[in-house]
Amino acid sequence: MTAIDQSIVVPEKRQGSRAWRKLKASRSATAGLVIIGFFVLLALCAPILPIPDPIATSWSAIRKAPSAAHWLGTDDLGRDILSRMIWGARASLMAGIFSVTLAVVIGVPFGVLAGYFGGWVDLVISRITEALLAMPFLIMAIALAAFLGPSLTNAMISIGLTAMPIFVRLTRGQVLAVKQEDFVEGARSVGLGHIDIMTRYILPNVMAPIIVQATLTVATAIIAEASLSFLGLGQQPPAASWGSMLNVAKNFLSQAPWMAMWPGAAIFLVVIGFNLLGDGLRDALDPREH
Amino acid sequence: MPVYIGKRLLVAIPTLLIISIFVFSLQKLLPGDPILAMAGEERDPAVLELLREKYHLNDPIPVQYVRWVGGVLSGDLGVSLRTNQPVTELIAEKLPVTIQLAVMAMIFAFAIGIPAGIIAAVYKNSLIDYIASIVALSGLSVPNFWLGIMLILLVSVNLGWLPASGFESIFVDPVRSLQTMVMPAFVLGNALAATLMRHTRSSMLGVLSADYIRTARAKGLTPKQIILSHSFRNALLPVVTLSALLFGELLAGAVLTEQIFTIPGFGKLIVDAVFNRDYAVVQGVVMCTAVGFILMNLIADILYVLLNPRLRASL
Amino acid sequence: MNRILSWTTALALGLFAAFQAGAVDLRIGLQDDADVLDPAQSRTFVGRIVYTAMCDKLVDVSPDLKIVPQLATEWAWSEGGKVLTMKLRPNVKFHDGTTMDAEAVVATIQRNLTLPESRRKSELASVDKVEATSPLEVKFTLKKPDVTLLAQLSDRAGMIVSPKAAKELGANFGSKPVCAGPFKFVERVQQDRIVLEKFQDYWNKDQIFIDKVTYLPIPDSTVRLANLQSGDLDLIERLAPTDAPAVKSDPKLSYADVVNIGNMSIYVNIANGARADNPVGKDKRLRQAFSLAIDRDALMQIVFEGTAVGGNQPFPPSSPWYDKSIPVPTRDVEKAKALIKAAGFDRVPVELQIPNNPVVAQTMQIIQSMVAEAGFDVTLKSTEFATLLDEQTRGNYQMSRSDWSGRVDPDGNIHQFLTCKGGLNDTKYCNPEVDKLLDEARASTDDAVRKQKYDAAAVILNEDLPMIFIGHQSWIWAMKKSVTGFVANPDGMIRLQGVKKS
Chain S
1 MTAIDQSIVV PEKRQGSRAW RKLKASRSAT AGLVIIGFFV LLALCAPILP
51 IPDPIATSWS AIRKAPSAAH WLGTDDLGRD ILSRMIWGAR ASLMAGIFSV
101 TLAVVIGVPF GVLAGYFGGW VDLVISRITE ALLAMPFLIM AIALAAFLGP
151 SLTNAMISIG LTAMPIFVRL TRGQVLAVKQ EDFVEGARSV GLGHIDIMTR
201 YILPNVMAPI IVQATLTVAT AIIAEASLSF LGLGQQPPAA SWGSMLNVAK
251 NFLSQAPWMA MWPGAAIFLV VIGFNLLGDG LRDALDPREH
Chain W
291 MPVYIGKRLL VAIPTLLIIS IFVFSLQKLL PGDPILAMAG EERDPAVLEL
341 LREKYHLNDP IPVQYVRWVG GVLSGDLGVS LRTNQPVTEL IAEKLPVTIQ
391 LAVMAMIFAF AIGIPAGIIA AVYKNSLIDY IASIVALSGL SVPNFWLGIM
441 LILLVSVNLG WLPASGFESI FVDPVRSLQT MVMPAFVLGN ALAATLMRHT
491 RSSMLGVLSA DYIRTARAKG LTPKQIILSH SFRNALLPVV TLSALLFGEL
541 LAGAVLTEQI FTIPGFGKLI VDAVFNRDYA VVQGVVMCTA VGFILMNLIA
591 DILYVLLNPR LRASL
Chain Z
606 MNRILSWTTA LALGLFAAFQ AGAVDLRIGL QDDADVLDPA QSRTFVGRIV
656 YTAMCDKLVD VSPDLKIVPQ LATEWAWSEG GKVLTMKLRP NVKFHDGTTM
706 DAEAVVATIQ RNLTLPESRR KSELASVDKV EATSPLEVKF TLKKPDVTLL
756 AQLSDRAGMI VSPKAAKELG ANFGSKPVCA GPFKFVERVQ QDRIVLEKFQ
806 DYWNKDQIFI DKVTYLPIPD STVRLANLQS GDLDLIERLA PTDAPAVKSD
856 PKLSYADVVN IGNMSIYVNI ANGARADNPV GKDKRLRQAF SLAIDRDALM
906 QIVFEGTAVG GNQPFPPSSP WYDKSIPVPT RDVEKAKALI KAAGFDRVPV
956 ELQIPNNPVV AQTMQIIQSM VAEAGFDVTL KSTEFATLLD EQTRGNYQMS
1006 RSDWSGRVDP DGNIHQFLTC KGGLNDTKYC NPEVDKLLDE ARASTDDAVR
1056 KQKYDAAAVI LNEDLPMIFI GHQSWIWAMK KSVTGFVANP DGMIRLQGVK
1106 KS
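So the sequences go chain by chain: S, W and Z. For the first sequence, the positions run 1 to 290 when my numbering is used. For the second sequence, the positions run 291 to 605 when my numbering is used. For the third sequence, the positions run 606 to 1107 when my numbering is used.
Just so you know, these hints were derived from the structure itself, not from any lab. Virtual Cβ for every residue (Gly too), placed ideally from N, Cα, C. Be a bit skeptical, because a hint or two may be false.
[To be verified] Subject to a maximum C-alpha distance of 20 Å in a straight line, what follows is the list of computed SDA-like cross-link-like pairs (lysine to any residue):
hint: 1; chain 1: Z; residue 1: 857; chain 2: W; residue 2: 447
hint: 2; chain 1: Z; residue 1: 769; chain 2: Z; residue 2: 719
hint: 3; chain 1: Z; residue 1: 692; chain 2: Z; residue 2: 808
hint: 4; chain 1: W; residue 1: 414; chain 2: S; residue 2: 27
hint: 5; chain 1: Z; residue 1: 726; chain 2: W; residue 2: 329
hint: 6; chain 1: Z; residue 1: 857; chain 2: Z; residue 2: 1105
hint: 7; chain 1: Z; residue 1: 781; chain 2: Z; residue 2: 791
hint: 8; chain 1: Z; residue 1: 726; chain 2: W; residue 2: 325
hint: 9; chain 1: Z; residue 1: 817; chain 2: W; residue 2: 463
hint: 10; chain 1: Z; residue 1: 726; chain 2: Z; residue 2: 986
hint: 11; chain 1: Z; residue 1: 986; chain 2: W; residue 2: 315
hint: 12; chain 1: Z; residue 1: 1056; chain 2: Z; residue 2: 1038
hint: 13; chain 1: W; residue 1: 414; chain 2: S; residue 2: 184
[Stated by the list, open to error] Pair ranges (Cβ atoms, derived):
hint: 14; chain 1: W; residue 1: 581; chain 2: Z; residue 2: 738; range: 55 to 63 Å
hint: 15; chain 1: Z; residue 1: 690; chain 2: W; residue 2: 357; range: 48 to 56 Å
hint: 16; chain 1: S; residue 1: 21; chain 2: Z; residue 2: 977; range: 35 to 43 Å
hint: 17; chain 1: W; residue 1: 512; chain 2: S; residue 2: 120; range: 53 to 61 Å
Next comes chain S alone, as it looks inside the complex:
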């Protein structure tokens, strides 16, 4: 675009394409992507799939075992579990992705600020981050969710806010390392402003570990949403999420074990999908392993 840009060698593109090749070659990442893709597709297609209304109750079909009419059985209100699973996939995936997005959107800028400017900015941000990190994750999420009131959105916000400090710390560390690189020095020497340097040169080069962390945190966040829903602080009736389905299912373990089995298995699958993808990404993006 301009002479300035050409004069500064930014290494991230080359690394990106190599990473993509490594990622494709990684069996675990592929498996993870396939699993996640499957559930994302299900979640996206929920409105157009030929499935019963997930909140339509039927007094004549209370807690029926899996059958031709209801492939995964029905729940305590006679609702179709398959349909609730598919709609629940929306809630669970959204909870995972939204909360991590929130954590990244708030956490990364603070991390960049702390790492880039250092000094008292760093001091203040780091102390607060440290304090937030020292508080147990789930307890904070519970307290926040209780404060905001039980709902899926509030659960997502609570999880996002509690996951945020990890990203501050991670980004800060990365920025500290990248700050010393030649291309940053170069950008500075040609007189680019702080904001330009941060957004165009530093941020792209610290994204790799953040992406890995974000993927792994989605896994944690999905479990956290399930935990909050399990405690009654997540998705509220009659809407479905896997965690809230488990919350109800635990009362019918011996009468209707399928009510607990499917959502538990689905959470397990999605979470392992994100963990596999995260591991694959880490291997692919880790410059140490060539």
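Following the hints, complete the assembly by docking chains W and Z onto the known chain S.
Just chains W and Z now, with coordinates in the frame of chain S:
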């Protein structure tokens, strides 16, 4: 070293101060009146008012905070609104329970994570590596509470092998104590196994490719000897450091496990306290876990330095 | 190596060894942890269960809800219901060896009335003075006639505590309670257990066949049942109704239930702050329509496996105080629609706040879909219990789902909820006529007169419907077959007199 520790402890003070302010204000923002919540079906306004006065809940929040800090400095964390028991007493009662759970969970995590990590590293990129990774990841991916419920259903109800819940101190009845703790410790520990496995694997890989291992191999040592004597010891260093960190997390991570298995530890104490708006208890327990977390971090850092000869010299 | 081996063997053996049976040790699973173990300060239901074994009361309640002697052997009302004289049982000892006599009763009642933290004040509000007229006789003089006092004395207000211990410990009495019941306090670990042991000098010790009782709070009913099935508990309270069939068909377990004296209801905000300004709060026809749109029998069948009964009054249909002229309404959607139309509505939007527990959520989702057919668009707002209580008291709700555990005297189920100044009147319904009837019912010692007053009030309340009653749950207990002699009592307490374990 003492200077370093002293510095770290000093830095912890503002951190703790921030935590205390944060928790205190969050709690005061929580909807719900603790006195009313605790009154249940008996809501005599005069008594409620008296109790609010007694626990200074009518004072402005900053005043309450200052009073609380004053109490902490003199070793008084307040009393539980629910049972009138001093919070310090509650913590002294519950902490050993959670520590026992955490230690047993650690044992499970080590027993699963470290061998899996070594095997995965030795057979890197083979089917065995793949299976070991999947097994470890499974532990990380299964929701704690679901696994707990399933185990209770299977092991206690269907097979009748272990008690479904409860707790017995290891000093009172060791056998029963272990019986009641096996399942929860497994549930809690198997999630950590994955993290341990990952780190053991990558650190083993690093060591296995190091020069001295190649030398050992050239000297004709068997692979078993190499793994056990040379690489394992070196690979374990970062894992030891990690363990201290994980232990700190365990203390806090026991929340749902304790809830499911009805173990009267920290996790259960705090969840019940949040739902009952038992302010002093929430405050005290969060502070206590935060202190534990900070100490564990410090210990991890010290271990890291002590176990790493090059860094030790620099101190 | 050998030692390690033997250790592991011992460990493995220990782990899987069957749980050894000791003396006669009864382990009871409770739904919650009790609060302060001081009858004067206590407020939880499970606390009362523990007291039932630890603290004898002046009078007790029989399974058919009659007041029967306990520490008092006989009593009489005089001066138009303003004086109650009680004769006490001789030779009764407290757990600390001191004697239970008239002085002790006076001291306990005084303590309940004057201890700043006492929660018994409103229960004893009618008491003007209490005196020891002889070593074994006490006289209560009331400010105005109050027949409900006897029922109050059958609960915590009538639990006589050792004056010596009460004096020593003051407000801290709960740390080491000393009463005159069949079991004495041994230890308590919060959220874990409360242990009591047989009191050798109990006045009725021939009826006690258990040496040690341990109460364990286990909030999750599934886990509570699992513990019973795995043999770690002998008896559990509040079994989930959905587990009832499983327990009944289990050859190792026995089952007991009884419809309780409490109720499940939906509060409508009639006049509690700004949010009372909603269609349902303002127009009783809509409340009547709401009530008519609910199929109570189906509801009780689906959610409670038929263990609960539908209801429309503060007392269950089986209660002698139930007004049989106003039977539980059968569902009538057409009539409900007509009422809604008469009120000038087509669809009625309303927000209903519920506590976030699965059973209530299930009930309310069913009601939500039932009333939708009549024309109500109900939004369920799920909140934590602590928040719900706060919102309900402050009037920040339109409709709110609430439970009452019930009291032995009918007054306890109705007066404080529906009189203008009632302590638990969160709907702020206020009708001087109802106030008058309920006050008069309180004052009469003649049950026939009382019944007539309650019936008259029931008619008005059934018309105005500030509280829409849904039904009455059962207390359900499950126990090992080896536990015998347990009698289900509608008050939900666990009385250990006569209970044996082989």
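Hints versus structure:
{"no.": "1", "hint": "857(Z) <-> 447(W)", "verdict": "holds (13 Å)"}
{"no.": "2", "hint": "769(Z) <-> 719(Z)", "verdict": "holds (17 Å)"}
{"no.": "3", "hint": "692(Z) <-> 808(Z)", "verdict": "holds (16 Å)"}
{"no.": "4", "hint": "414(W) <-> 27(S)", "verdict": "holds (13 Å)"}
{"no.": "5", "hint": "726(Z) <-> 329(W)", "verdict": "holds (14 Å)"}
{"no.": "6", "hint": "857(Z) <-> 1105(Z)", "verdict": "holds (16 Å)"}
{"no.": "7", "hint": "781(Z) <-> 791(Z)", "verdict": "holds (8 Å)"}
{"no.": "8", "hint": "726(Z) <-> 325(W)", "verdict": "holds (17 Å)"}
{"no.": "9", "hint": "817(Z) <-> 463(W)", "verdict": "holds (17 Å)"}
{"no.": "10", "hint": "726(Z) <-> 986(Z)", "verdict": "violated (35 Å)"}
{"no.": "11", "hint": "986(Z) <-> 315(W)", "verdict": "violated (25 Å)"}
{"no.": "12", "hint": "1056(Z) <-> 1038(Z)", "verdict": "holds (16 Å)"}
{"no.": "13", "hint": "414(W) <-> 184(S)", "verdict": "violated (37 Å)"}
{"no.": "14", "hint": "581(W) <-> 738(Z): 55 to 63 Å", "verdict": "holds (60 Å)"}
{"no.": "15", "hint": "690(Z) <-> 357(W): 48 to 56 Å", "verdict": "holds (49 Å)"}
{"no.": "16", "hint": "21(S) <-> 977(Z): 35 to 43 Å", "verdict": "violated (56 Å)"}
{"no.": "17", "hint": "512(W) <-> 120(S): 53 to 61 Å", "verdict": "holds (58 Å)"}
When each numbered hint is compared with the structure, violations occur for hints 10, 11, 13, 16.
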